[in-house]
Amino acid sequence: MVPIAIDNVTLEYDTPAGKVTGVKDVSFDIGASEFICIVGPSGCGKSTLLNVIAGFLPPAAGEIRIDGKAVKGHGMDRGVVFQDFAQLFPWRTALGNVSFGLEMKGIPKAERDKIAREQLRLVKLEKFVDSFPHHLSGGMQQRVAIARALAYNPSVLLMDEPFAALDAMTRDDMQLLLADVWRATRKTVIYVTHNVAEAVYLADRVIVMSAHPGTVQADIRIDLPRPRDPLSLEFVDCQKQLMRHLGHKVSGNGAGH
Amino acid sequence: MQDAATTISAREAPGHSPGRAASRLRSIWRNVFPFIVVGVLWEIVAISGIFPARLFPTIETVARTFFALTANGILPHHAIETLIRLLSGFALAGVFGVTIGILMGRSRLAEDIFLPLVSICAPIPGLAYTPLFLLWFGLGSFSSILLVGFVSAFPVIFNSWTGVKAVKEIWVRSAHSMGADDRRMFTHVILPGALPYILTGLRLGLAQAWRVLVAVEMLAAVPWGLGWLIFGARKFLNTDAMLAGIVVIALIGLLLEKLVFQKIENYTVVRWGMVAA
Amino acid sequence: MSDTIITSAPKTGASKNNVSMSDQSKGRRSLWRAGVVLIIAACCYEAVARSGYFAPALMPKLSLVAQTFVAMLLDGTMIEHSVFTLYRVMFGFLLAVLVGLPLGILMARFAAVEGFFLPLVSALMPIPSFALVPLFMLWFGIGNLTTILIVFYAATFPMMFNTWSGVRSVNPLWLRAAGAMGADENALFWKVIIPGASPFIITGLRQAFLRAWIAVVGAEMIAASDWGLGWVIFDAKEFLNTDVMLAALVVIGGIGFVFEKMVFGSLEKATIQRWGMSRVAKG
Ligand SMILES: Nc1ncnc2c1ncn2[C@@H]1O[C@H](COP(=O)(O)OP(=O)(O)OP(=O)(O)O)[C@@H](O)[C@H]1O
Ligand SMILES: [Mg+2]
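Protein chains in written order, with the working numbering: chain A, 2 to 258; chain B, 91 to 367; chain C, 21 to 303.
Derived from the structure by calculation, the hints contain no laboratory data.
Any given hint might turn out to be false.
Once the Cα atoms are required to be at most 30 angstroms apart in a straight line, the calculated DSSO-like pairs of lysine-lysine come out as [as the list claims (entries may be wrong)]: (1) C/Lys289 x B/Lys255; (2) B/Lys258 x A/Lys115; (3) A/Lys106 x A/Lys20; (4) B/Lys258 x C/Lys281; (5) A/Lys20 x B/Lys255; (6) A/Lys128 x B/Lys353; (7) B/Lys255 x B/Lys353; (8) A/Lys25 x B/Lys258; (9) C/Lys281 x B/Lys255; (10) C/Lys289 x C/Lys211; (11) B/Lys258 x C/Lys289; (12) A/Lys73 x B/Lys255; (13) A/Lys70 x A/Lys20; (14) A/Lys125 x A/Lys110.
As the structure is a computational prediction, the values presented were derived from the model and not from experiment.
All chains, please: the whole structure from these sequences, using the hints.
Structure (structure tokens):
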């Protein structure tokens, strides 16, 4: 829905041991309603970049512009799903967590319960609406977090490896769900992943980051028609191309996962 | 303090027990057995006459005194006075302690103002302030309540402060991105997030208030109160009355722990999985 | 708490406005503010003291308190009192460690020991140590023995209880891992259980000393025994020597602080924090 410009962003962490670079000189543009995947080796700064875009970390240099306006802190236009399981509020049930954003918007209880239930049904957790997070598995908690980010309908979705903890089957379902939600709502999505197949399945464009200190190494457009078939030749070719960029040795049938 | 007794029954192996009732009986017996052993040892020493009977009365004597003092209302009167002081002092500590602690956690200015004062006053054992309070505010109930409040406020302050600081950054960020304003961030995220610590603080504060109050009652010459009862009993060598008083003190301490705090914790932070049951 | 600024900055309302300030300058500002706060507090006290609203005997000027403090240090009385108090507290504390530590370990390792002692402990623990002072005075008279026993009683429970929970909470995964690597019972105990329980044991030591310190001052006050810091402040009340009382309070606070922060605090830093095992509960 809204375009995002990332302009020469650098972030440094101030630690007792000195400054640690999180990301360095990252620039790329994201079109309105585009689905972007960010891939890169562990520790290259993907989560850092996402936090800068979300407005939680002020960049040391450069700026982020959403719809032309420079980002100054967090805002309700961006929904975030963190990498961390502990992001749910332990004192609220699954339903309570999902309706939090709606509650902040001042939506009456009956209506927000309805929306939250619907979101939980979409992530296949309708049986667990009244469970507290510590009674849910890691993957279930992550699904609640996704429902929570979708429920209050932000125009940008920032997701940090949201499906990494899921089993292959559930992950496939969730990817399908996300692709559907994206097609229906036309949100701008920035999605961090380790998983090359996932990136090729979901993304319009894949940003490949280099190892620490992370910068943009490649910007690859995925032009496959949707819905995509992970078993098609073109899909596998795309995967191979991406893996080459990530520095993998790709043999005849290289697609992992 | 932890729930020692439940731990035992929870670890009871249900394996070979023929029935629920039998295993229950056995668990009661296991809990009672140590007291029987100690009781028998006590009786042997008491009857043997190593110590004068006035100083080391038998359990029957203590029990008789206990019931006599309960029946004529003296023991309940002492206990109620003590409880009123405890609760008033603890209420002071709870209200001021939680407020100050949360302020310190939320604002750097408040932290800079209160932390030096608190860190200077806290290392002095609470009881050491007694003479000062007695001089400034006179002997009696008022000083005792103030002192109990003052002393038990410290753990409440420290833990509320730590609790607010320990609220997970990721919760704050999630709530921010869902549009929580400052007020609702506080009521919906900071407060519940800090609750395990605040409850710990209140619990430690109550325990501290209880420990100090008994001693304060001895020193502050209050007209009624369990501390005064046992201290006064010393003058007339009424060891039986003293022991009866100590039994009541133990019972109240136990009840405070079991009834008040475990209930609150089970209902909140345990249910939320923020602390182990 | 995280030790990076960026992640901790948005936490407190006030610091939001100055995210750009470095950690160091913030620390300096806090130090500076602490100084101002203490000076203001001292001035307030002094103003009330000089106003004559309270009798000077009740609220001596700070200069007088300082004078008394120095005088008592120089003529050695304060040191003598401190030595008495320290002797009692250390004796009682060591006894408590000698009993509480092994008992805690035994309770955690042997169900029979646990079954016998746990009910007793849960019944005794809620009795404040001071409640036993009159009883012990009858039994053992006034003097070192009563005070030491009270200190012992107060310090044993936290020592034992923490050790017990520590040994019980040793991660079973570590035990299995060590067992798989061929550790026998002996090695398991010394190389896994004790280090694994050490955060709790150290917390136990710290809490036990804290209780011991509170107990010794209280017992000295109640069982008035002619020597010791607790006796000094209580005795000073009889003669309205508020300056002596405040001077002794400073010493009591100072000694408590040294043990709490320097001895046990640095012990904790050197062990638990270095291993990243710090615990949630505060004592
Ligand atoms: N809170 C922090 N304090 C200091 N340095 C940090 C912090 N968080 C991250 N870093 C540093 O910034 C770099 C990038 O970290 P980041 O978490 O963004 O990596 P990532 O790409 O998300 O890795 P992963 O795929 O493992 O999640 C890392 O090398 C790390 O050293
Ligand atoms: Mg990451």
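For each hint, the structure was consulted:
no.	hint	in the structure
1	C/Lys289 x B/Lys255	20 angstroms, holds
2	B/Lys258 x A/Lys115	29 angstroms, holds
3	A/Lys106 x A/Lys20	39 angstroms, violated
4	B/Lys258 x C/Lys281	26 angstroms, holds
5	A/Lys20 x B/Lys255	24 angstroms, holds
6	A/Lys128 x B/Lys353	28 angstroms, holds
7	B/Lys255 x B/Lys353	25 angstroms, holds
8	A/Lys25 x B/Lys258	27 angstroms, holds
9	C/Lys281 x B/Lys255	20 angstroms, holds
10	C/Lys289 x C/Lys211	21 angstroms, holds
11	B/Lys258 x C/Lys289	23 angstroms, holds
12	A/Lys73 x B/Lys255	24 angstroms, holds
13	A/Lys70 x A/Lys20	29 angstroms, holds
14	A/Lys125 x A/Lys110	22 angstroms, holds
When each numbered hint is compared with the structure, a violation occurs for hint 3 only.
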